[in-house]
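Trainee: What follows is each chain in one-letter form.
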Amino acid sequence: METPNIAHAEAPVDAHHHEPHSFWSKYVFSQDHKVIAMQYMITALVMGFIGMAMSWIFRIQLAWPEHNLPFLRFLMPTNMESGTLQTPGYYMLVTMHGTIMVFFLLTAILTGGFGNYLIPLQVGARDMAFPFLNMLSYWFYFLSCVVITISLFVSTGAAAAGWTSYPPLSALAKATPGSGLGQDLWLIAIALFIVASTMGSLNYVTTALNMRAKGMTLMRMPLTVWGIIVAAMLGLFAFPALFAGAVLLLLDRHLGTSFFLPHLVLGGEHIVRNDGSPLLWQHLFWFLGHPEVYILILPAMGITSEILSNGARKPIFGYKVMVASIIAIGFLSFIVWGHHMFVSGMNPWLGFAFVITTLIIAVPSAIKTFNWLGTLWKGNIRFTTPMLYAIGFISTFVTGGLTGLFLGNSALDIPLHDTYFVVAHFHVVMGLSSVFGIFAGIYYWFPKMTGKMMSERWGKVHFWLTFIGSYGVFWTMHYLGFMGMPRRYYSYDSYQFLPLSMHALQIVITISALVVGIAQLIFVVNFLGSWLRGKKAPDNPWEATTLEWQTSTPPPHGNWGPVLPVVHRWPYDYSVPGASADFVPQTVPVEAEPSGEHHRHAVAVNGHGHTNGHGNGHHS
Amino acid sequence: MVTTVEKTQNRRVLLPPPPIHDNGWWSDDDDPQSLAVPSWQLGTWLGLGTLTVLFAALSSAYVVRIGGERLVFALPPTVWISTALIVANSVALVCAQRRLGRKDRRFILWLGVATVASLGFLLSQLLTLQTLASQGLFFATNAHSSFFYVLTVVHAAHVIGGMAALGRCAYHVRKRSAWSRLRRALGMTATYWHFVDTVWLWIVALFLWTSF
Ligand code: HEM
Ligand SMILES: [Cu+2]
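So the protein sequences, as listed, match chains S and A. Per numbering that gives the first Met the number 0, the very first residue in the first sequence carries number 0; after that it's consecutive. Per numbering that gives the first Met the number 0, the very first residue in the second sequence carries number 0; after that it's consecutive.
Note that these hints are calculated values from the structure, not bench results. What you are looking at is a predicted structure, and each value in this text was computed from that prediction instead of being measured. All C-beta atoms in this analysis are idealised placements derived from N, C-alpha and C, irrespective of residue type, glycine included. Misleading hints may appear alongside valid ones.
[Stated by the list, open to error] Example chain S residues on the side facing chain A (calculated, C-beta under 10 Å, incomplete):
#, residue
1, L208
2, V246
3, L283
Okay, chain S solo, but in the shape it has when bound (with noise of 0.2 Å):
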């Protein structure tokens, strides 16, 4: 089909963008989003995936308790001796499993790779608003990954203490191996990866606030740029707040001081401090943690709405609400972080406080929820691997959604924190659902970024390998949770009180750990083959109304040519009665073609909107 057409602005090439040329100015320091999106979205995948061999390998400690696995010898000399993982080695493990899922995968990828991608070319500008500060982002942020990288191969291991870091732990050299270099270099690549999404950040919120393209306005905005921003705000105001707590416990550390660290006795030698406060800690991290659970599921939710409208045909349902939503939701993330703290003795008066604005959140969740079912409802809906992943983003929060109901009650809390039942609610709301947003994602722009279509049949194997296989894992888990199997264990050997079925479970859980490992190998290859010599992909594969498909493919430096688009209706100008064809791009005049954003446009331009010729082929 051809491209309709587009109404432009007269707007000068902007002097700032001159395409660079050479190698290192184009590909390495560049300052186009785009490659820098590319930069975070391939970093962060590859952290991601040792991260997920990473949880290969404890999953079978699990299964199959001090198996013998000689190739991991080399891998991790310290804990691995004889060929079976040791009880450090298992902490570190879990330990940087979380640490570079949450932060290095997850946040990079939404923010730093959609962000960086998306907010422009959905805005229509040329590029971010500050593209210096936008190139020191993604370097902070690899250094920062290698920082975490290198602290894997210390002689006393990576860090072991969570990915909450808890003190004492965490705080006291002596504790545990990890608890030595290790820790500090988790310290420090934590901070350097705040400081990297703070620069971002101010990119992400002020291009899409300040440089939207002539018509771009507000509410016309595509959900993933609300769910990006909106997130993005979260980490500029929460983040300092774990970057001041990494500050005192490097103190704690180092200076003998004492924020977190009370009077304690190690092994018999006693280390005499003035009664630090350990729940301070937990206080700073959760103020963070709570709102990072949110910049991982907004965007998603963005890209979620963004695919469920165009491969339902349909607008999305509830625009208006959507965002009052995603406004909301990021509000009363603030406000939450107790419920991460119901069993540390805190005031019940408190506890129920935070019970209440905990299950308050849960409603502008619910309206989503409905929403999207209402987008699918009734739809013309095409099944591409895209639309695949957003609909299993939908089943997986609403499954999350709803432990998170059981756990946000701190009545039910109480027993099952700390039990594999978090472990299940947390992976599945925030792991798969984040996740499936993102492959639903990828799939859906990939096009756009390489110019090449990946392989749909491959994608569906894919999809349904790893909803299959993580249902498999996480499902089973709420029921370890309710049998009371604490999280965190290397061994369950001496816990009588678990049933010898348990451990059947267990199995069932790596075997489908392993299938979704493999599945996600199908992806790479899906992934590398499709860009090394996949099919051509036109400008606009999915018939899609946002501005980033109404431009070539891949688009050019500076985006748009020389002319900046033009908006004229909001993005979900699917089906819209009367219209030529069942999509109408943002850039088509609404005298050209009706449209949904109104009824009163709809109404106005019925009468007469056939006989336009505006057409995009599709015209009967």
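Knowing the structure of chain S, use the given hints to seat chain A with the ligands on it.
Mentor: Below, chain A with the ligands without anything else, positioned relative to chain S:
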């Protein structure tokens, strides 16, 4: 009348004139879409928002950590010198901006005053910490001294950042950059410094509050 016009003009120069913008945040007409502030300023504000949370986190950690205990040492008198200098810094920057608005090159003088004031501030901070150390109050002595050191040192790091911003203004002066460029550089610098100066006042207030 003339004076009023002049006044508004002077105020205007703190920012480049805002783009014509009457469509509000939520309306749908076809004006170019941006907020009424230039991007660099929006970016600066967002960045300052982030730093606000950083200092808020440290301050609330302090309040929570001491749990109502009174400050166990007297604030050294040099704290008041620091405070005077930091207020002088803000005032000097406002004067510099005024002069620059009138395209009066004497704004450079005020930039100089601001630089001297901030250098003096760092110096008097050094004296403050020395006084504490001479009383046997170090980083790890007690919760109060720990937080005093952390808050003031983190703040001092931001003062040094502000001096870099002043240096950037000086660079534009030397390069004889265009007035608009200078205004932008100075505008950003002044916004940042007012923030850093306010944080100092906040820190002093916090420790005064815990001394009573
Ligand atoms: C209706 C929505 C939700 C509610 C009511 C809820 C509630 C809770 C509660 C109470 C806990 C603490 C459990 C415990 O440690 O005992 C928890 C843990 C967690 N939740 Fe949720 N949650 C919801 C949605 C989400 C979403 C959308 C995400 C991520 C995208 C998420 C990620 C997490 C994570 C990562 C943890 C565990 C962190 C850890 O202890 O390591 N939750 N949730
Ligand atoms: Cu939470």
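Trainee: For every hint, state whether the structure bears it out.
Mentor: Hints, verified against the model:
Interface hint status for L208(S): upheld, as the beta-carbon distance to the closest one in chain A is roughly 5 Å, under 10 Å. Below 10 Å, beta-carbon pairs count as interface contacts, and V246(S) has one with chain A at about 7 Å; its hint therefore holds. Checking L283(S) against chain A: minimum C-beta separation of about 6 Å stays under 10 Å; hint holds.
In this structure, every one of the numbered hints holds.
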